[in-house]
Amino acid sequence: MLILSDQVLNAALLLLGDNDLPGLTDIEKPRMRGPKRATKIRKLFNLTKEDDVRKYVNTYRRSFVSATGKKRSKAPKIQRLVTPLTLQRKRQRVAVKKQRVAKAKTEAAEYQKLLALRIKEQREHRSESLAKKRASRASIAKPEA
Numbered sequence: 187m188l189i190l191s192d193q194v195l196n197a198a199l200l201l202l203g204d205n206d207l208p209g210l211t212d213i214e215k216p217r218m219r220g221p222k223r224a225t226k227i228r229k230l231f232n233l234t235k236e237d238d239v240r241k242y243v244n245t246y247r248r249s250f251v252s253a254t255g256k257k258r259s260k261a262p263k264i265q266r267l268v269t270p271l272t273l274q275r276k277r278q279r280v281a282v283k284k285q286r287v288a289k290a291k292t293e294a295a296e297y298q299k300l301l302a303l304r305i306k307e308q309r310e311h312r313s314e315s316l317a318k319k320r321a322s323r324a325s326i327a328k329p330e331a
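Last residue of the sequence shown: 331 in our numbering, with the numbers rising by one and none dropped.
Be aware that a few hints might be false.
With a Cα cut of at most 30 Å, we get these calculated DSS-like pairs of lysine-lysine [said to hold, decoys possible]: (1) Lys289 - Lys226; (2) Lys229 - Lys276; (3) Lys256 - Lys283; (4) Lys229 - Lys283; (5) Lys256 - Lys276; (6) Lys328 - Lys276; (7) Lys283 - Lys257; (8) Lys276 - Lys291; (9) Lys306 - Lys284; (10) Lys241 - Lys283; (11) Lys276 - Lys263; (12) Lys291 - Lys241; (13) Lys235 - Lys256; (14) Lys235 - Lys263; (15) Lys306 - Lys283; (16) Lys306 - Lys319; (17) Lys257 - Lys276; (18) Lys299 - Lys289; (19) Lys328 - Lys289; (20) Lys284 - Lys226; (21) Lys241 - Lys222; (22) Lys235 - Lys260; (23) Lys318 - Lys306; (24) Lys222 - Lys235; (25) Lys226 - Lys260; (26) Lys291 - Lys235; (27) Lys235 - Lys257; (28) Lys215 - Lys276; (29) Lys215 - Lys229; (30) Lys229 - Lys256; (31) Lys289 - Lys306; (32) Lys291 - Lys257; (33) Lys328 - Lys318; (34) Lys276 - Lys299; (35) Lys284 - Lys215; (36) Lys328 - Lys299; (37) Lys215 - Lys283; (38) Lys241 - Lys229; (39) Lys260 - Lys283; (40) Lys260 - Lys222.
Keep in mind the hints are simulated off the structure, nothing from the lab.
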């Protein structure tokens with residue numbers, strides 16, 4: 187079997203001899219990437235919901251020297267992390283939603299009042315016009331009799 191330099195080989199070591207394999211078993215490479223999602227980090231480190239996940243991300247934090255020559259470190263941004271800020275935003279969303287519902291309710295009540303008033307005015311106007319018609323018909327009908 188011929189393996190080229192640009193090919194990937196999936197292999198499992200079944201039996202390790204006395205000597206190390208160069209580039210494979212002689213060096214130990216730490217896992218560079220860990221999970222980003224908070225629940226997955228909890229699962230990986232066997233944490234409860236009360237434990238702070240941010241402390242455990244440092245286990246796969248990457249240190250390097252920047253282009254300016256300073257030592258820097260990077261860690262992935264944790265997704266779905268429940269912080270006081272996210273809880274505050276959620277409370278704010280719920281409060282705004284409640285305000286919207288209350289405002290819509292009051293506006294609907296005002297509109298119903300206005301609609302009832304307009305309908306009442308229409309009925310009065312209609313009854314007045316019908317009364318005028320009846321009166322005019324009655325006055326026309328009286329001289330003939």
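If you draw a straight line from the CA of Lys222 to the CA of Lys235, is it 30 Å or shorter? Status holds; Cα separation ~16 Å.
Is the Cα-Cα distance between Lys235 and Lys256 30 Å or less? 36 Å, violated
For the pair supplied as a hint, Lys328 and Lys318, confirm whether the alpha-carbon distance does not exceed 30 Å. It holds: about 15 Å lies between the C-alpha atoms, which stays within 30 Å.
Straight-line Cα separation of Lys328 and Lys299 no greater than 30 Å? 43 Å, violated
Within a Cα-Cα threshold of 30 Å, do Lys276 and Lys263 meet the stated pairing? 20 Å, holds
Lys283 paired with Lys257 [C-alpha distance capped at 30 Å]: Given pair Lys283, Lys257 is violated - Cα atoms ~47 Å apart, limit 30 Å.
Holds or violated: are the alpha carbons of Lys306 and Lys284 at most 30 Å from each other? 33 Å, violated
Can you confirm whether the C-alpha distance between Lys229 and Lys283 stays at or below 30 Å? 34 Å, violated
Compare the distance between the alpha carbons of Lys291 and Lys257 with 30 Å, and conclude whether the hinted pair is satisfied. 59 Å, violated
For the pair supplied as a hint, Lys215 and Lys276, confirm whether the alpha-carbon distance does not exceed 30 Å. Violated, at roughly 41 Å.
Below or equal to 30 Å on CA atoms is what counts here, so check Lys260 against Lys283. Between Lys260 and Lys283 the Cα gap is close to 38 Å, so the pair fails against 30 Å, i.e. violated.
Hint consistency between Lys241 and Lys222 [alpha-carbon to alpha-carbon, up to 30 Å]: The hint holds at about 13 Å.
The structure fails to meet hints 1, 3, 4, 5, 6, 7, 9, 10, 12, 13, 15, 17, 19, 20, 26, 27, 28, 30, 32, 34, 35, 36, 37 and 39 from the earlier list, while all remaining hints are met.
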